[in-house]
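J.: What follows is each chain in one-letter form.
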Amino acid sequence: MRFSVKTGVPLLAAALALTACGGTTGGDDDNASGGGDAGSCEDIAIGYFGALTGAAANLGINIRNGVQLAVDQFNEENADCQVGLEEYDSAGDPNQATGLATQAIGDDSVIGIVGPAFSGESDTAGPIFAEGGLPTISASATNPALSTNGWDTFHRILGNDDSQGPAAATYISDVLQAPSVFVVDDASAYGAGLAEIVNESLADAVVGEDTIQTGQTDFSATITAIRDSGAEAVFFGGYYAEAGLLVQQMRGAGVDATFVVADGVKDPGFIEAAGDAAEGTIITCPCLPPEEQQEFFTAFEEAFGSAPATYSAEAYDAANVMLEGIKEGNTDRESLLEWINDYSGEGITKQVSFDESGEVENISVWAYKVENGEIVADQEIETD
Amino acid sequence: MSFLINNFVELTVTGLVLGAVYGLVALGYTLVYGVLQLINFAHSEVWMFGSFAAVWVTVAVGVAPGSALPVVIGVLLLALLAAMTVSGGVALLLERVAYRRLIRLDAPKLVALISAIGASFALAEIMGLRDRIVGWFGLRDDLDPYVRSARDNTRFRNPLETEGLFTVGGYTVTNVDVIIIVSAVVMMIALDQFIRRTRTGKGIRAVAQDSEAAALMGVNRNRIIRATFLVGGIMAGAAALLYLMRFGVTRWNAGFLLGVKAFTAAVLGGIGNVRGALLGGFVLGLAENYGSALIGSEWRDVVAFLLLVVILLFRPTGLLGESLGRARA
Amino acid sequence: MTSGKASPDTESGSARSMAWGPRLGWDRGALARRVSGLPKPVKWALIGLLVVLLYALPLLEIPIISTPDTDFGAVLFTVASYVLVALGLNIVLGYAGLLDLGYVGFYAIGAYTVAVLGSLQAQWSWWLLIPLAVLFTTISGVLLGAPTLRVRGDYLAIVTLGFGEIIRLTALNTEWLGAAKGITGVPRPPSVELFELPHLQWEGATAFLDLDDKTTFLFFGVADQAPYYWLALTVIFVILGADRMLRLSRIGRAWEATREDEDAAELMGVPTFKFKLLAFASGAFIGGLSGALFASRQGFINPESFQLLLSILFVAAVVVGGAGNRWGVILGAIVVAYLPERFRGFEEWRLLVFGAALLVLANFRPQGLIPPRRTRRAQAVDEQLEALEEGADRA
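Protein chains in written order, with our numbering: chain A, 140 to 523; chain B, 541 to 869; chain C, -8 to 386.
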């Protein structure tokens, strides 16, 4: 831990005739909005860490908005404790993440981070956060290996691919009872990891597999392969942008196999891209059905003019875990980390508590279904 | 291998459809390269703006699928017109902002490439930030259907329903397949004739052959350059509509990858060669599909680029040779 | 043999493209003359001071220069690795005139060598990995160059672009290379912990020694980025020296001749293909070195770090700075790598502003920020010629 006590002698720096320019250490953030009369929570912020620009900006903005909503609601309710929000826009790039994570641990006012959003940037930022003792809760990075690195600051508020993959496989084999499945992935760490697990779990039922590229728009060769295989279900591991295009082109080509996808597709953007072709799509998600989310849903739409999207709710939960801790007087990193480790409470996506490696406990995976252009809860998937 | 043979027709038709789009976008690269020997890196953004114009027309008109045929045709033509206008306009703007000064100074070609790269970034970001930009003018709510989810996929509400026409080799060829391939070929022929027969077309060829001699012969070089950009933009607009009919969505950064592929197609066919662009597009589209079928979709781009390298090694100026100027009247 | 149009730099290279001379502002000559007029010891002292200042940058945290929204040491390292890449690409693009749009491929090969052999498939020593990385990239430069360099002009651009993508996609689709998950635990340079250096902290124009914020000299850890920057800076100085030697040698002149007019050079007895291959290999060498440093700083790499866009940014760095001038491309690399990090305050507008900046730079400083001396000389000649022609017209 660093303290902001400065010792030493003033140095002559007249050569640089730059007077009114702020320093570069922590505490100069202008995000501590509202009155400065807060007692114990003066100069406190939580951070959002992930993409806000670049090709993955759409995913990141959803997450940031979830955090933003939580912070805004908190500040409204607690006039005497205003918490700032620092944004670390990594553009999803592990290289930029290094500098930003170092910056974050050097900024004493930041005591918790929601993020990093993706698995790649988590790999570079994770050890830095661990060294700085800055607790993180990721709302979206699902690579199972992340919790095995021994970073004691690492948490994630959603099930990793190891929990979701088998659930999707169970749904396909037990509920859909599809005898033949075609597995597609998008070659991303998230999608490929998930597809691999589904592949292993379904074993003999898999009649074919293919890998597409993120950003690809033409899937005709893949669709030909799906049709050729005669599969009754198609599992796609990847995000909603490609999923929307894939299912749309599948239906356009007359392939009517059931389309099964995971939480990266649980986004209004999927339906926007796929239109009617999205109907009947099964989406597995380690998150509770949205009944309890109604209030969140309305507030989110009011604030940002669009419905909550992939991982917005998880981000909201993650931010709230930290905000509750701050309200309870855990206003430095060490005590906040302790608070998060011991936390147990009701979030809008799940019952939140973390195990020793930082994984969320009590994951229940639900299947959702697209009906009349809405993503509605179908049933809980029991895995053993 | 048996997979490729069993599904040969399907892979061929869908490959040709993809190739037709590549080819039409490639025309823009090829024309500008033929006249100025410049890689117009921002051409992909010209296409992207056209695709949004087409989407916005269908949003504004709000026609549902399954409308009467005249309505469908009317909306599609309107979308085509909008896409061509916007793409043509953006292409002209690009010429004005990113190129004109550099052409006048006769600056090194690399500098023009950088200028175009800068323009490309800026144009893509403008589309990706359109919700924020209209927000400045207080129009965020009024224009909501046009600007919402600016960083996300935007769907083209295609008024034309996909219908099977006839079945060959186990694949039902659809109306969209036919429309795309036929329009691409027709547009290429029209452009070829335009360049061969019209006054402007002759001017384009003259400047491509020897711009200084053309200028001495009374060809207004600047006007010809503008015309070249405009024609390339119009073709990109048409490609945008055809693309949307097939793939259904567009997005702020959709141009980049398509642009790389289209440029590859242009080089494959012989850059600067109008017919080569379409041929290159078809070859590339087919290669991607066949390659995917043989060794998996994850290697499709590898196949495409390896094919390019091999062809260039044996035919260093592309399949049909390069010169726009050498096209005979 | 194709017409001159196929290779843009042959016919239109020097003579025609210098016509934009007279609009050059900023007389660099004056400053250069004043400096070179100084007595030798003073000159050396000035250079020494500059070097010390460069090394001290991450400790000084000078306001305005320092990045307020991200760690300055990390940005300095990124800038340094861009500078290194730009120096390498400058040999290919600036000296030999070969437009390489797939330069990131070499960067990737260097990084992957260190990561795969240092973590994923074997645990070799860092001291062994760096030379190996450089060796592999140089070999791959020759292997890629041998077939492709027969292709001329802009065709080379698309072929190299293709190779860059092939390298990335191969890494992405090959389990042995870590696939999409990437590779963690890339070895870091061995540390020698000698002493601690305090950072400065500024309040207005007054600086304080911040005794709580210290960098351990040559501890290559996770969070403190300054040692990595020092390492990269040292490598830059070495490469700069080598670059200067190459440029002034027969090789440098052969490159210049090849770039200006390949056919003429060939006729004069310059084995152009051999020299182009050498340029490609030297460029690959430096690119691989930079990639290897990048991987060992980062500790983690995945294929997404080697996107096509990066190649384009590298080319932008070289051209914006002034292809062919080593100081120019260094400045260009600084512009391309530093500005987006410095102006994070623009948030979502960052890339829009960056694109616009590239556009403006290209249009208003087409010769690059610091053009090569030869370009400036040619401009001067051009102006003289123009003046003479005008005189002749009047007569």
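For the record, the hints were derived by calculation from the structure and aren't laboratory data. Among the hints, a few may not be true.
Unchecked claim - Which chain A residues face chain B? A few, computed with CB under 10 Å, are given here:
(1) 302
(2) 305
(3) 351
(4) 356
(5) 362
(6) 363
(7) 384
(8) 393
(9) 397
(10) 409
(11) 412
(12) 438
(13) 442
(14) 445
(15) 490
To be verified - Per the computed footprint, the stretches of chain B lying under chain A, defined by three or more beta-carbons under 8 Å from a beta-carbon of chain A, are:
(16) 553 to 566
(17) 644 to 656
(18) 681 to 689
(19) 819 to 833
(20) 837 to 845
The beta carbon of each residue, even a glycine, is placed where N, CA and C say it ideally should be.
J.: All hints, please: hold or fail.
T.: Hint-by-hint comparison with the structure:
1. 302: violated, 26 Å
2. 305: Status violated, d = 24 Å.
3. 351: holds, 5 Å
4. 356: holds, 5 Å
5. 362: holds, 8 Å
6. 363: Since chain B brings a Cβ to about 5 Å from residue 363 (chain A), closer than 10 Å, the hint holds.
7. 384: Hint holds; residue 384 (chain A) Cβ to chain B Cβ min 6 Å, cut 10 Å.
8. 393: Status holds, d = 7 Å.
9. 397: violated, 20 Å
10. 409: holds, 9 Å
11. 412: holds, 4 Å
12. 438: At 18 Å from the nearest chain B Cβ, residue 438 (chain A) fails the 10 Å test, so the hint is violated.
13. 442: Violated: closest Cβ of chain B sits about 13 Å from residue 442 (chain A), beyond 10 Å.
14. 445: It holds, given that the least Cβ distance between residue 445 (chain A) and chain B is near 6 Å, below 10 Å.
15. 490: violated, 31 Å
16. 553 to 566: holds (count 4)
17. 644 to 656: violated (count 0)
18. 681 to 689: Per the Cβ count (4), the hint holds.
19. 819 to 833: Coverage by chain A holds for the segment 819 to 833 of chain B (4 residues, Cβ < 8 Å).
20. 837 to 845: holds (count 4)
Violated hints, in rising order: 1, 2, 9, 12, 13, 15, 17; the structure is consistent with all others.
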